[in-house]
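Engineer: What follows is the residue order along each chain.
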Amino acid sequence: MAAEAPPPSTGQHKLPTPEEFTEVQESAEFGELRRSYRSFAFPLTIAFIAWYLLYVLLSNYAGGFMGAKLFGNINVAFVFGVLQFVTTFLIAWWYSRHAAAKLDPKAEAIKTRMEGGA
Amino acid sequence: MSPAITHVTLAANEASEHRGLIITLFALFVLATLGITVWAGRQTKDAADFYAGGRQFSAFQNGLAVSGDYMSAASFLGIAGAIALFGYDGFLYSIGFLVAWLVALLLVAEPLRNSGRYTMGDVLAYRMRQRPVRTAAGTSTIVVSIFYLLAQMAGAGVLVSLLLGITSDAGKILIVALVGVLMIVYVSIGGMKGTTWVQMVKAVLLIGGTILITFLVLLKFNFNISDLLGQAAENSGKGAAFLEPGLQYGANGTTKLDFISLGIALVLGTAGLPHILIRFYTVPNAKAARKSVNWAIGIIGGFYLMTIALGFGAAALISQDEIIASNPSGNTAAPLLALHLGGVDSAWGAILLATISAVAFATILAVVAGLTLASSSSFAHDIYANVIRKGKATEKEEMRAARWATVLIGIVSIALGALARDLNVAGLVALAFAVAASANLPTILYSLFWKRFTTQGALWSIYGGLIVAVGLVLFSPVVSGDPKAMFPDVDFAWFPLKNPGIISIPFGFLMGWLGTVLSKEEPDAKKFAELEVRSLTGTGAH
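These protein sequences, in sequence, are chains A and B.
Per UniProt numbering, numbering through the first sequence is continuous, rising by one, with the last residue being 118.
Per UniProt numbering, numbering through the second sequence is continuous, rising by one, with the last residue being 542.
In short, the hints are calculated from the structure, not lab data.
Please note that the accuracy of each hint is not assured.
[Said to hold, decoys possible] Here are some, though not all, of the chain B residues that point toward chain A, as calculated from beta-carbon distances under 7 Å:
| # | residue |
| --- | --- |
| 1 | Val30 |
| 2 | Phe91 |
| 3 | Asn235 |
| 4 | Glu532 |
| 5 | Val533 |
Beta carbons: idealized from backbone N, C-alpha and C, even for Gly.
Can you make the complete structure from the sequences, with help from the hints?
Structural biologist: Structure below.
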């Protein structure tokens, strides 16, 4: 387990020691940052991939449904495709809002303390 | 057959008449970008300048450059052509290429910026044994980039032969060589700074050109999209089926499976493309990396929405015979559309054709520069500095190695590009995406998020994904046993799908898991703590 070899110097800043990193990683504050990130990003990733795969599968195996005309020459397939654009824009906006409100302040606090303290 | 031939000559004459204009516009772009390159080269002093453009680009600038790096000939020419010929099925590319950015945004861009310095290998090797993992990361970076490069080179050849009326082999090879020499100059002199500015200029030109054509198409239909689709369906001769899924991939169970395989590769490939990943190092911090992905999603999304107008516009206004005669895969539909919008025999038509062609050249040049930079960076930083010199190379030596690697990769690409000049462009790009998703993405995600992941897991997933993805393509109809294959006269295609993603991507993930649980070594818990804290907080990032 013990890493006796010093890590290759990756920074010209004064970097916290490995012990400090381990300490922070096990802290409640970091745990909350990790949870706040993962509980948002992971389910959302699964959701948008599922939503995209649904579109791919419907295109493949539900031709009649996708070909149904809604208005003029605009059919379900076209609307479905454009909806993929809309959801992509919305998810990007939503994640960025979450990150700015919930992740950045916590990350900033830990970073400042670790870089300034040691 | 004969109407097709007439159309070819028509298009060729049209093009050669205005060859002067096309060459002038192209030369202007080349001169302007060379100027930028020399200016950027003077400001490139240390390795952070060369690899990461000094990390001083703003989020918007980088978003623009990311877009310029991403919207390749396959996007601009390929998607417009695929929609023009296959209608709705061509649209899948646009959607997959865009949705893929969410993987980069949510899981990869920020942690990568926080914990790496110059290359994808920095993150993959962070808590592993450096030499084997960096060798693997460098190998897959170079393989993915070379496939992508070949596609762009072949695209350049196709474009030039059609637009400048150069049809001789010598002429095509000359163009491939010219593209190769330019990319060597851009990258070896300008480094990341020069490449970034070239990509920004190209993105502005491409978006500007696309907005212009989209506007002209919509104007013809009084901004009524339903009418545009209606006429596209009618003019294509396929009726309502043109607007429904299935024209290209709906034939049988195998082609449907191919569609799913392609769809998965597109959505998972982007976040594993080395030339895209290194762009996140050019901004000051992770927040700026996030913002640049948001800009890129906006710009790229807007662009792909306009490909609807481009593709269906071409289908509505040009006969299928003419599109196919000009290029069997539809790769020249967008320039042809420009010609038709301006008027086939008018000066305005000629100017539009020349403009769009020059934009397409700019597109190719900017993308090949990004690819060359990614592979030479990885060679110099991962393989030369950390494997061959075991981390003892000075910055100067590393940069010198990067410049030599650029020249070497340029020469290899010219040679392979000359051989590949008649190959199927789309197949090569889809392969690059599939390899990136199979070899790189699993390792990136495991490295960042899975505590137990070990060196053996990283090696198995990179090499396993790489070998299976490339191997399956080798035995697919892309390479042999199909009239459109690279070697149409032989048949060793026992794998029926053109895209390997549906097998190779799960395989890459599986090997990463298997390699880890079967490995005897313990994961380095301290290094993981360091990586995790750094990747989420940006501590120590520079």
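Engineer: With a cut-off of 7 Å, does the beta carbon of Asn235 (chain B) approach a beta carbon of chain A closely enough for the hint to hold?
Structural biologist: At 13 Å from the nearest chain A Cβ, Asn235 (chain B) fails the 7 Å test, so the hint is violated.
Engineer: Does Glu532 (chain B) meet its interface restraint, that is, does its C-beta lie within less than 7 Å of any C-beta in chain A?
Structural biologist: holds (6 Å)
Engineer: Does Val30 (chain B) hold up as a contact with chain A if the rule is Cβ-Cβ below 7 Å?
Structural biologist: Where the cut-off is 7 Å and the nearest Cβ of chain A is about 34 Å from Val30 (chain B), the hint is violated.
Engineer: Quick one, is the Phe91 (chain B) hint okay against chain A at 7 Å, beta carbons?
Structural biologist: holds (5 Å)
Engineer: So, as I understand it, the hint says Val533 (chain B) touches chain A; can you test that by seeing if any CB pair is closer than 7 Å?
Structural biologist: Cβ of Val533 (chain B) sits 5 Å from chain A, so the hint holds.
In summary, the numbered hints that this structure violates are 1 and 3.
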